[in-house]
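Visitor: Sequences and hints are given; from them, build the entire structure.
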Amino acid sequence: MNEESYLAWAESTPHIYEINFSNSILAPQINDFPEVEELGTVAPLKHKKWRIESIIPELNVFSQCFVAMMKKHHVPTENYTIVQLKEETV
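Just so we're aligned, residue 9 is where the sequence shown starts under my numbering, counting upward by one.
None of these hints come from the bench; they were simulated from the model.
Straight line, CA to CA, 20 Å or less: simulated SDA-like cross-link-like pairs of lysine to any residue:
{"#": "1", "residue 1": "56", "residue 2": "82"}
{"#": "2", "residue 1": "94", "residue 2": "53"}
{"#": "3", "residue 1": "94", "residue 2": "64"}
{"#": "4", "residue 1": "79", "residue 2": "32"}
{"#": "5", "residue 1": "54", "residue 2": "34"}
{"#": "6", "residue 1": "79", "residue 2": "31"}
{"#": "7", "residue 1": "54", "residue 2": "91"}
{"#": "8", "residue 1": "80", "residue 2": "28"}
{"#": "9", "residue 1": "54", "residue 2": "41"}
{"#": "10", "residue 1": "57", "residue 2": "38"}
Derived DEER-like restraints, expressed as beta-carbon distance ranges:
{"#": "11", "residue 1": "30", "residue 2": "79", "range": "14 to 24 Å"}
{"#": "12", "residue 1": "10", "residue 2": "87", "range": "34 to 44 Å"}
{"#": "13", "residue 1": "55", "residue 2": "81", "range": "14 to 24 Å"}
{"#": "14", "residue 1": "39", "residue 2": "10", "range": "34 to 44 Å"}
{"#": "15", "residue 1": "49", "residue 2": "15", "range": "17 to 27 Å"}
The C-beta atom is built at its ideal place from N, Cα and C for all residues, glycine as well.
Guide: As structure tokens, then:
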């Protein structure tokens, strides 16, 4: 797959990530982290869970970006987990 095809695929396919803050004492508020919207469309799923629909196809790359944003707000990485959801589980 060449770079143009890869980019077209990445941008046309939704990549869904779930952020689970179950290890956090307080449920984070999406409004407190406006820069997270740079990663994609953010929506609360359940108590302490966010769903982000992104054009970033790789979990590792998405995680690095998300962790960097959370560190900026001093949110420890132990407070959350990140998983990539398959389309059929959405």
